[in-house]
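Quick note: the sequence shown uses the working numbering, first residue -6, plus one each step.
By construction, these hints were calculated from the structure, which means they are not laboratory data.
All the pointers check out, no bait thrown in.
No more than 20 angstroms apart at the CA atoms, straight line, and that leaves these computed lysine to aspartate or glutamate pairs for EDC-like:
| no. | residue 1 | residue 2 |
| --- | --- | --- |
| 1 | K204 | D183 |
| 2 | K5 | D29 |
| 3 | K110 | E200 |
| 4 | K131 | D187 |
| 5 | K156 | E168 |
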Amino acid sequence: MNPLRLLINGSKGRMGQTLIACAKADPAIVVSAQIDAGDDFAAAIPSCDVVIDFSHHATIEPVLARCVEHHRTLVIGTTGHTDAQIAAIRHASAVIPIVFAPNYSVGVNTLFWLTGKAAEILGSSFDLEVVEMHHRLKKDAPSGTAKRLAEILAEARSLNYQKDARHGRQGIVGERTDNEIGVHAIRGGDVVGDHTVIFAAQGERVELTHKASSRETFARGAIRAALWAHGKPAGLYDMQDVLGLK
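Assemble the whole structure, with the sequences as input and the hints as a guide.
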(Lines of atoms letter the chains of each structure in order from A and count residues from 1; the text may use other names and numbers.)
(Lines give C-alpha, C1' and ligand atoms only; values in the text may rest on other atoms or scores of the structure.)
Protein backbone atom coordinates (compact mmCIF):
# COMPACT_ATOMS: atom_id res chain seq x y z
CA MET A 1 0.00 0.00 0.00
CA ASN A 2 1.12 3.53 -0.70
CA PRO A 3 1.84 5.64 2.38
CA LEU A 4 -0.79 8.16 3.46
CA ARG A 5 0.13 11.65 2.26
CA LEU A 6 -0.24 14.27 5.00
CA LEU A 7 -0.37 18.02 4.70
CA ILE A 8 0.70 19.55 8.01
CA ASN A 9 -0.86 23.00 8.47
CA GLY A 10 0.92 24.98 11.18
CA SER A 11 4.17 23.16 10.44
CA LYS A 12 6.46 25.68 12.17
CA GLY A 13 4.65 25.51 15.51
CA ARG A 14 5.46 23.21 18.40
CA MET A 15 2.83 20.66 17.42
CA GLY A 16 3.62 20.95 13.72
CA GLN A 17 7.28 20.15 14.30
CA THR A 18 6.36 17.21 16.54
CA LEU A 19 3.95 15.87 13.91
CA ILE A 20 6.62 16.03 11.23
CA ALA A 21 9.11 14.16 13.44
CA CYS A 22 6.56 11.44 14.28
CA ALA A 23 5.50 11.10 10.64
CA LYS A 24 9.09 10.57 9.53
CA ALA A 25 9.31 7.61 11.91
CA ASP A 26 6.12 6.00 10.58
CA PRO A 27 6.43 4.03 7.31
CA ALA A 28 2.66 4.31 6.76
CA ILE A 29 2.96 8.11 6.52
CA VAL A 30 4.66 10.62 4.25
CA VAL A 31 4.51 14.40 4.71
CA SER A 32 3.59 15.76 1.30
CA ALA A 33 3.54 19.42 2.40
CA GLN A 34 4.56 21.56 5.36
CA ILE A 35 2.42 24.71 5.41
CA ASP A 36 2.55 27.72 7.69
CA ALA A 37 1.54 31.38 7.62
CA GLY A 38 2.39 32.91 4.25
CA ASP A 39 2.63 29.58 2.40
CA ASP A 40 0.31 28.60 -0.44
CA PHE A 41 -2.11 26.18 1.20
CA ALA A 42 -4.35 26.00 -1.89
CA ALA A 43 -1.49 24.92 -4.15
CA ALA A 44 -0.34 22.18 -1.77
CA ILE A 45 -3.65 20.50 -0.99
CA PRO A 46 -4.11 18.55 -4.26
CA SER A 47 -0.99 16.47 -3.50
CA CYS A 48 -2.21 15.24 -0.08
CA ASP A 49 -4.74 12.69 1.18
CA VAL A 50 -5.36 14.17 4.64
CA VAL A 51 -4.87 17.62 6.16
CA ILE A 52 -3.85 17.81 9.81
CA ASP A 53 -4.47 21.35 11.02
CA PHE A 54 -2.62 22.57 14.10
CA SER A 55 -2.35 26.19 12.95
CA HIS A 56 -4.86 28.56 14.60
CA HIS A 57 -8.63 28.46 14.92
CA ALA A 58 -8.90 31.80 13.09
CA THR A 59 -7.89 30.10 9.82
CA ILE A 60 -10.45 27.28 9.95
CA GLU A 61 -12.86 28.71 7.34
CA PRO A 62 -10.37 28.74 4.41
CA VAL A 63 -9.03 25.34 5.52
CA LEU A 64 -12.54 23.92 5.43
CA ALA A 65 -13.26 25.51 2.05
CA ARG A 66 -10.17 24.03 0.40
CA CYS A 67 -10.69 20.57 1.93
CA VAL A 68 -14.30 20.54 0.73
CA GLU A 69 -13.28 21.77 -2.73
CA HIS A 70 -10.76 18.93 -3.15
CA HIS A 71 -12.64 16.34 -1.03
CA ARG A 72 -9.76 15.90 1.40
CA THR A 73 -10.07 14.36 4.86
CA LEU A 74 -9.43 16.86 7.67
CA VAL A 75 -8.11 16.34 11.19
CA ILE A 76 -8.63 19.51 13.28
CA GLY A 77 -6.23 19.98 16.18
CA THR A 78 -6.94 23.64 16.94
CA THR A 79 -9.15 24.77 19.84
CA GLY A 80 -10.94 27.97 20.86
CA HIS A 81 -13.42 28.00 17.94
CA THR A 82 -16.41 30.31 17.97
CA ASP A 83 -19.96 29.00 17.66
CA ALA A 84 -20.00 30.17 14.02
CA GLN A 85 -16.78 28.28 13.29
CA ILE A 86 -18.14 25.11 14.89
CA ALA A 87 -21.25 25.47 12.73
CA ALA A 88 -19.00 25.77 9.66
CA ILE A 89 -17.16 22.59 10.68
CA ARG A 90 -20.46 20.73 11.03
CA HIS A 91 -21.59 22.01 7.63
CA ALA A 92 -18.37 20.85 5.94
CA SER A 93 -18.65 17.41 7.56
CA ALA A 94 -21.68 16.75 5.38
CA VAL A 95 -19.24 16.61 2.43
CA ILE A 96 -15.95 15.27 3.84
CA PRO A 97 -14.82 13.18 6.83
CA ILE A 98 -13.61 15.44 9.64
CA VAL A 99 -12.06 14.39 12.94
CA PHE A 100 -12.59 17.21 15.42
CA ALA A 101 -11.30 16.54 18.93
CA PRO A 102 -10.17 18.79 21.78
CA ASN A 103 -7.29 16.39 22.50
CA TYR A 104 -5.71 13.59 20.45
CA SER A 105 -3.97 11.78 23.30
CA VAL A 106 -5.14 8.19 23.75
CA GLY A 107 -4.77 8.66 27.51
CA VAL A 108 -6.88 11.82 27.59
CA ASN A 109 -9.62 10.18 25.56
CA THR A 110 -9.60 7.35 28.06
CA LEU A 111 -9.97 10.04 30.74
CA PHE A 112 -13.01 11.38 28.88
CA TRP A 113 -14.61 7.93 29.02
CA LEU A 114 -13.70 7.36 32.67
CA THR A 115 -15.04 10.79 33.62
CA GLY A 116 -18.44 10.02 32.16
CA LYS A 117 -18.60 6.63 33.86
CA ALA A 118 -17.47 8.02 37.22
CA ALA A 119 -20.09 10.77 37.07
CA GLU A 120 -22.79 8.17 36.39
CA ILE A 121 -21.63 5.86 39.20
CA LEU A 122 -20.94 8.47 41.89
CA GLY A 123 -24.18 10.38 41.39
CA SER A 124 -25.32 13.86 42.30
CA SER A 125 -23.95 13.92 45.87
CA PHE A 126 -20.42 14.61 44.56
CA ASP A 127 -19.32 18.14 43.72
CA LEU A 128 -17.59 18.50 40.34
CA GLU A 129 -14.40 20.44 39.62
CA VAL A 130 -11.96 20.48 36.67
CA VAL A 131 -8.41 21.83 37.00
CA GLU A 132 -5.99 22.20 34.09
CA MET A 133 -2.43 23.49 33.75
CA HIS A 134 -0.52 24.39 30.60
CA HIS A 135 2.65 26.20 29.56
CA ARG A 136 2.84 29.96 29.86
CA LEU A 137 2.51 30.50 26.08
CA LYS A 138 -0.95 28.94 25.70
CA LYS A 139 -3.36 31.59 24.46
CA ASP A 140 -6.84 30.18 25.20
CA ALA A 141 -8.43 29.24 28.51
CA PRO A 142 -9.81 26.95 29.60
CA SER A 143 -8.13 24.36 27.42
CA GLY A 144 -10.30 22.55 24.91
CA THR A 145 -9.73 19.38 26.92
CA ALA A 146 -10.90 20.97 30.18
CA LYS A 147 -13.98 22.33 28.44
CA ARG A 148 -14.77 18.89 27.05
CA LEU A 149 -14.35 17.31 30.50
CA ALA A 150 -16.79 19.84 31.94
CA GLU A 151 -19.22 19.17 29.08
CA ILE A 152 -19.03 15.42 29.79
CA LEU A 153 -19.82 16.10 33.46
CA ALA A 154 -22.71 18.34 32.46
CA GLU A 155 -24.11 15.69 30.12
CA ALA A 156 -23.89 13.00 32.82
CA ARG A 157 -25.76 15.23 35.31
CA SER A 158 -28.28 16.65 32.80
CA LEU A 159 -26.78 20.10 33.33
CA ASN A 160 -25.88 22.85 30.86
CA TYR A 161 -22.20 23.70 30.36
CA GLN A 162 -22.84 27.31 29.33
CA LYS A 163 -25.09 27.91 32.32
CA ASP A 164 -23.52 25.77 35.06
CA ALA A 165 -19.75 25.97 34.47
CA ARG A 166 -18.04 28.31 36.98
CA HIS A 167 -14.73 29.63 35.63
CA GLY A 168 -12.67 30.48 38.70
CA ARG A 169 -13.85 32.18 41.87
CA GLN A 170 -13.04 35.55 43.41
CA GLY A 171 -14.50 37.57 46.26
CA ILE A 172 -17.58 36.69 48.29
CA VAL A 173 -19.11 34.20 45.87
CA GLY A 174 -21.37 32.44 48.37
CA GLU A 175 -21.69 28.73 48.98
CA ARG A 176 -21.14 26.31 46.15
CA THR A 177 -24.36 25.35 44.35
CA ASP A 178 -25.31 21.74 43.66
CA ASN A 179 -25.26 22.29 39.88
CA GLU A 180 -21.94 24.11 39.77
CA ILE A 181 -19.06 22.68 37.69
CA GLY A 182 -15.88 24.49 38.64
CA VAL A 183 -13.32 24.99 35.84
CA HIS A 184 -9.88 26.38 36.68
CA ALA A 185 -6.97 27.23 34.37
CA ILE A 186 -3.36 27.47 35.56
CA ARG A 187 -0.57 28.78 33.32
CA GLY A 188 3.18 28.57 33.85
CA GLY A 189 6.51 27.18 32.73
CA ASP A 190 6.67 24.54 30.03
CA VAL A 191 3.84 22.23 31.15
CA VAL A 192 2.60 20.27 28.13
CA GLY A 193 -0.82 19.59 29.66
CA ASP A 194 -2.21 18.41 33.01
CA HIS A 195 -5.91 17.74 33.62
CA THR A 196 -7.63 16.64 36.81
CA VAL A 197 -11.31 15.93 37.39
CA ILE A 198 -12.34 16.09 41.05
CA PHE A 199 -15.42 14.41 42.51
CA ALA A 200 -15.77 15.64 46.10
CA ALA A 201 -18.38 14.49 48.62
CA GLN A 202 -18.76 14.41 52.40
CA GLY A 203 -15.98 12.18 53.75
CA GLU A 204 -14.37 11.17 50.42
CA ARG A 205 -12.94 12.45 47.18
CA VAL A 206 -12.17 10.82 43.84
CA GLU A 207 -9.64 12.39 41.45
CA LEU A 208 -8.92 11.37 37.87
CA THR A 209 -5.70 12.85 36.47
CA HIS A 210 -3.86 12.77 33.16
CA LYS A 211 -0.43 14.37 32.71
CA ALA A 212 1.24 14.73 29.35
CA SER A 213 5.03 14.92 29.40
CA SER A 214 5.56 15.11 25.62
CA ARG A 215 3.68 16.51 22.65
CA GLU A 216 4.39 13.25 20.87
CA THR A 217 1.33 11.71 22.51
CA PHE A 218 -0.90 14.27 20.74
CA ALA A 219 0.98 13.93 17.44
CA ARG A 220 0.74 10.14 17.43
CA GLY A 221 -2.97 10.37 18.21
CA ALA A 222 -3.55 12.85 15.37
CA ILE A 223 -1.71 10.58 12.94
CA ARG A 224 -3.77 7.63 14.18
CA ALA A 225 -6.90 9.71 13.52
CA ALA A 226 -5.71 10.56 10.01
CA LEU A 227 -5.07 6.90 9.17
CA TRP A 228 -8.45 5.90 10.58
CA ALA A 229 -10.49 8.67 8.93
CA HIS A 230 -9.07 8.40 5.40
CA GLY A 231 -11.65 6.64 3.27
CA LYS A 232 -14.43 6.99 5.84
CA PRO A 233 -17.83 8.41 4.78
CA ALA A 234 -18.42 12.12 5.20
CA GLY A 235 -19.22 12.93 8.80
CA LEU A 236 -18.04 14.57 12.00
CA TYR A 237 -15.95 12.21 14.13
CA ASP A 238 -13.86 12.52 17.30
CA MET A 239 -11.20 10.42 19.00
CA GLN A 240 -13.84 8.38 20.78
CA ASP A 241 -14.82 7.15 17.30
CA VAL A 242 -11.18 6.56 16.34
CA LEU A 243 -10.52 4.49 19.48
CA GLY A 244 -13.83 2.62 19.35
CA LEU A 245 -14.97 3.96 22.72
CA LYS A 246 -18.49 4.84 21.55
